[in-house]
Amino acid sequence: MGGTSSKLSKDLLSEYQELTFLTKQEILMAHKIFSELQDKENGPYGARVSMEKVLTLPELKSNPFRKRICQVFSTSDLKDGSLSFEDFLDLLSAFSDSATLEIKSHYAFRIFDFDDDGTLDARDLEKLVNSLTGETDDTRLTGEEMKQLIGNILEESDIDKDGTVNLSEFQHVISRSPDFVSSFKIVL
Amino acid sequence: MSCPVIQSEQKFVGERSTEFSGLDTIRAPLADIPSVGGVLQQDDEDRAGVSSRASVRTEPIMAQRVSFDFDQVPEFESPVDEDGVHDSFSQLIQEQSHDLHDVIEMTPLDLEEESRDDVECEESAVYQRSDSDGPQQTDHLIGERWSSDTLKVLSSMPSRTIGRSRGAIISQYCNRTMQLRRRRQSRPSIQHFPRSARPSIRGYGMETDSAGFEEEENKRERLVNNLQNLSAGDRVRVLRAMPLSLSEKKELRMLVLNKAEHSVSQSQIPCCSQLKYYIIIALRHGWYGWLSFLSSLQLWQTALKCVGGRFGTGVLSYFVFLRTLLFFNVFLFLVTGVLLVVPQAIAHPDHDQNVTVRSTWGLEVLTGAGYFSHSLLYYGYYSNRMLQTGHSCSAPRNGTSCSSGLSYNMPLVYFFTIGAAFFITCIILVYSMSKSFGQSFRIDKSKGLLTIKVFSSWDFKVIKKSSVKLQRANISTQLKELVAEVNHQELKFPVLQRLFRLFIHTLAWIMCLGSTIACVLAVYYFSEHMHGDLLKRAGSRSSDPLLEEARLLAVPVFVSSFNLLLPGFFNAVAWMEEYDSPSVLNYVSISRNLLLKVSVLGVLCYHWLGRVASDPQSLGLECWESFVGQELYRFLLMDFIFMLLGTFFGEFLWRVFSQKALKRKRKPVFDIARNVLELIYGQTLAWLGVLFSPLLPAVQIIKLIFLFYMKKVSLKMNCQASGKPWRACQMTTIFITLLCFPAFLGAAVCVTYTMWTIKPSSRCGPFQGLKTMFQAGKRWFQELAAVNPDLHWLPTAHAYLVENPLFLFMSAGIFLIVIYFHSQVVDGQRKIIELLQEQIENEGEDKKFLITRLQDIHEGKRGATPRRVKGPSEDSSYS
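Top to bottom, those sequences are chains A and B. Reminder that position 129 of the first sequence reads as 129 in full-length UniProt numbering, one-by-one numbering, no gaps. Reminder that position 785 of the second sequence reads as 785 in full-length UniProt numbering, one-by-one numbering, no gaps.
The following block holds chain B by itself, in its conformation from the complex:
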């Protein structure tokens, strides 16, 4: 920053050699600035050699002229003023330029003395810097020894007024709107350029100052001008984001609008643009109405507020996540409902309803079999024909020939609906994931934990008194721990203890992994056994139908009970481990639970797609897709029932037990990680099942709504706010990532695999008669090409783009390259940030130095010491 000042000053000096001696007087303080001194000094030596006429008397004038009264109206425009540089020094420069005439001759000896001064000052600055490293030493500028004038100047420094004074805010926004305008217009209008990039001291130095007041009015005027020239949307945005009080904003808006009206009436707009104006106003009103309608749709607003007020942001994040999942399912349901279910329901089913509907209700709701198995719920019900209004064409091939009425190619729609739904979900997920990553992991070194804790740990949403108390206690312990940590850095455990801990951790992991593997094996063999059982019974169909249906529930109950019990076991193990930091505990618990759920789901997928789908005939299944859909329905429902049980036993009974039997005062804490993982598991099932059962999202929606109210009630009755710190934002990021990466991606891979390679049932469903579901699209392309010769390239393009893996590889490669470039850019930005930080530190040094120096000179002036204000010996005392 200082460099432009110096350079322009040098130019100036060169141009008007008669005046340069006056300007040189400010060189003394400037030259001593640590970051400038070296350059200037070099320059000084040059000039001393070239012209002996360069005689500058420095110190006495400094002493006389550098004063902190700002009521002198500057008459002399310094060259520094016009360019976009920080002009905090311009005041000084100007004051110095008043003294052009009373310059005293300076002897070369004085010059030498000056340069010696410089050296000493530099040394003292270095000393200062090393001194200020300690945290206690940083209080340099707020020491008691300042005179009131200095304090006044200090308090009116731009960096300090910006947080409080109206003028500073206005001027800041004036500059910002200017930038915005320039960006929008892409061609800058020169006459409106701000005089400085930052508000100058002069502008609002002393609020009582009349000149300052005028300047403020000026700035305001300019801000109004700028605002007026912005587009309406930008103006609203800028006004809204201004940290001014509402009445001031109103005033500004009035000014802007008045001005706009004025200029409009001057130019006498034709009626059509007036019409345009009204339309715009009407549109804006409509937009506001739409926005408030949307916000009134915000589901569960009061319930969420209530939860947040009592339990803080951590628990709130669970419920917000639940709501997000609900929206995903509503989207899926809408897509499949509108495109698949409704057309199929309207077009009369040509299924002969000869299926004996055994009415064993109760159980059917649980198993999803029986009555439900031939309903819109499952894949098997959907026809493979062209659904037509008016005509009915029997064969799919002839569909295009009977042209009257609307034709609806069900297989194609089925294929593309599922594909598009997955694609859009994927995009939404990746988008929200990247956004959340951007928010929670900035490209900065993540130091400054203490500061962040102090500045942003208070949760303003918490309004319940006991929770406030708890929050205080939490913050207190955390701060104490952090301070202690900073003091000791690392707690060194003795070797034996460390070994012991390592042993415990290994043991815990072995136990968890072992139990997970055991569980997976159990699921594998149990499902195989049930499969075999089904095979046997397929041959001899007899026995009690009720029992037969109950058998179907065996595997879901088995798996769900594992899902309920094992996390409890993991928690017990983690309790044994005694992790130091709660965040590590969270991550460990999440990874263990995740491992369990993913591997169980993997086994189940193998069971469905490998065992059932490969050989449906021997099972006596007409439609294996419907069977898999039923299985998924059962799993989803069982998962829900076991969640209910878990809530009841795990939260309610445990609370009663611990309060009554153990006489504990504390209620249990809501286990966010585990509950969220259960949600993710359920959602994976729903995504897996969409292909086989298009109405499964509806089931999931009902389940989630129930779950919301149940968890809310249970939370209020049984739980208390957590004592652990919960970094809600990062956790939300992790949950979204988990939802995207293993859950959604896994489901998508399974569905794609099914579509691509597995042969669909030959006697039911929209894809009967095809080798794979994927062929529906291919066949359609071929038909299109056959009907319309212009499109003969379509099948070829399809074959190359979709079926050829090369295209996929290429797009993946491009994607990777883009990612690589971005990471490089981020790296570069990080380096720039480091440089800038260093520069700011230097600036701080400069500021400190200048103020010390000025204060000293001021004091000297007060003391009315003639000629020499300070000897070199005093210099070192500044620090």
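Bound conformation, chain A alone:
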């Protein structure tokens, strides 16, 4: 992909501007950061940056969903979570200030859908809650609490009562939570 050349061409830049929610400055900034990530990699000048490299970014380093974020935005055929520059732009675009609630909630849904089956079922929810609270013993929810919590979540959000939360149901919940847009942001 053309984005990995040392300098972005003008056309490409305006194309990226048209297709993402990012401004020119942000794209250039992203390009700079991405090139730095690539340079660090010893070996051939690869178009993709491996997930481990991407996760060294301070913005993602301590995020509990960092691996999921990479996996969701990666277009790699190997499903290894490695990002090309355009994937990286996609990621930043979804987490940017001006992205719509719809696109944010769509990607949030996919990040939370740990097994990639298109719905949030009880196992996904359990993983989600564990990522939120952390795995240490004092913050972790007990089995009983977890069961109760997941039951309540499904009861509240599963409108068609099929036992899972699908995308529309998820977006319905998110639309009632005004803080989501402001908290689902990563700024470079």
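Everything labelled a hint here was simulated from the structure, so no lab data went into it. One thing to keep in mind: the hints can contain errors.
Claimed, not checked - Okay, derived cross-link-like pairs now, DSS-like style, lysine-lysine, Cα gap no bigger than 25 Å in a straight line:
| hint | chain 1 | residue 1 | chain 2 | residue 2 |
| --- | --- | --- | --- | --- |
| 1 | A | Lys79 | A | Lys127 |
| 2 | A | Lys79 | B | Lys250 |
| 3 | B | Lys250 | A | Lys61 |
Because the structure is a prediction, the values reported are computed rather than measured.
Given the coordinates of chain A, work out where chain B should sit on it, guided by the hints.
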């Protein structure tokens, strides 16, 4: 949803009576759907009575034909397909229609049996419904007992694929662009109608399926077509909002553009439209450039990111609020600067600078008196003449007669500048307030707290490790508390304890109200005393000028120290109260602080407008407006200095004290509510002062910029992220509301009162010689009418529209009516939402039921049971 299916099917059956028996085979599963069964059954009885020829063999065919392999290419177009209905069933219908020919005769007995079946199924469905109420029971569809085929079908249901498959997204956007197009064109093009309102199973049922792939390509083609027909702006918007990967979007865009070029070259555009094309491209580039320029203007971006990354959205909201206030002030400053200060500075002041400028600098900066009192800073400096370039006309009345050069009617400009600035600020405030209300309070019942907490409580901005840890701990405790709350619902305190708590709360409120009243009284009497002092000294002007100026600072220092100390006292009281929920604590703290600030400001306004303005002569004041402007300047500055002190003592020293002396590990928490209220207080002062001191916004700008950096440094050094949950969006709404309602409205009322009723000083300022400032406008209208006879209606219109209260009442009444209508509309929408929700629940039931049923039939087919697949007795086991 199911109803259209049934109806069209009925029509179909009526038209071709030879085929209807085949179609009827699908009626069995459909009839059992809880929401349809009743209708169908009724229908069945009718028909059984009318024609005994209606012989349908249901179950065996069902068993043979309902299979989950989708590789059969449908040959028969079902009527359901064409209308905009959900066609998930069309697959079934089609498969059934293959069997038109091998229909077996059915005896009336079988029919009876079928209807009995229905009844039982309905019962079982009811049982199911009541069963699934418990949260544990909702896992119906993801049980382990499904066969792999069923699971395959389940995972390819539209509602599930839409979150993950590319095809589903494309098809969804295909429909959406279509809607957009229709809306824009206002006349639908029929040949492009989507075949279904929602993507059908058939389209991308199995991703490996070649037919599915073709269908996807088809959809894509159609999407490209739709996109091409949209306007450029819409296209960009749709493409940008599509949750596809960038490379796919690029591809789509290429396709669209290629196609567009193709069609353009075909029609051979004349050169002028080519020119237009280039202009459009250039404009777009210009627009992008402008946008990125604007975003590069985003003030303090990195600083805000840093704060957000360490302290979360709550503290960030304080700084964003501060920035908003800064923009308001920049706007005010620009307006007054361009329209008032610059013209006045250019036109040479005709003031004889005989005022003895006592150079006691140091203090003058604090008091704003002395050298500053005859400067552009205050009202008194501005002249009441026509400012003219070239000629100088002495009297304002003759202004219009010396016509050469540009004339600038200062009083009029002064009046309208202040009025317009307030009006625009009001509109911006109300707009942002309503927008923020719309965001934070949706018209839905606010249940589902747990879900919202889980889905949207993670703050992705937080990047510092310790803050992440803290955030985790917070979320964990909150979730635990919420779960416990759900379990117990209400913690019942014993009566005695409740009484005790009630007593404590009452006591706390009495203490707070008492201290507020005491403070207000103190301010009242102290200002009266200082006023009297000023009166006395006005007669005998002697004494040390330095001391005299220092006296001026007494009231501001007094008030500001109250403002600094009382909130601390309120916090202590609130700590004693031990509120359960932090949000209640926030609201209580906000309302107490607000009460204090509003009442103090009220007293001060009375002091300025009632005492000073009513009798300026006895104070020896030539220009009471300038005096009030000075007072406001002093208050603003003192407020700033006390904020500095508060930051130093309250945050820095407290941190040192608690870490060194109390050996606590935790740093203090940034008190967002109190700090925001201090900002609002300062802003109210600035708004009050604009009339008396047009450059006051500039002072406020400097103050805010200082404050930003100071608070940022102090925050980093002294504070840690809060342990309390902070519903940032709702709080921002509340802050904007507070800024609008008591702060801005209060200031606006005071300024309007001053303009309307108080007599301006007769020997200084732009309005000298007028009874009220308001008359400047009136006089101008009269002059206009006098000069230009065509405009004779202007004064009358002015008198009726502005001076007559009836007009005001009427507009207020219309406004209220509009609000009432809107609230009614919202109410209606709420009802519709409830109905729709109910319907979705029914649909869910249907889906569950159908799948259970189909799975069962499928199993039966596998088991190769001849003829009867299931007895009625088995039906109840579905649930």
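So, going through the hints one by one against the coordinates:
1. For the hint pairing Lys79 of chain A with Lys127 of chain A, the CA-to-CA distance comes to about 20 Å; that is within 25 Å, so the pair holds.
2. At most 25 Å may separate the alpha-carbon atoms for a hinted pair to count; Lys79 of chain A and Lys250 of chain B meet this at roughly 21 Å.
3. Distance restraint check for Lys250 of chain B and Lys61 of chain A: the Cα-Cα separation of roughly 30 Å exceeds the 25 Å cut-off, and the hinted pair is therefore not satisfied.
Checked against the numbered hints given earlier, this structure breaks only hint 3.
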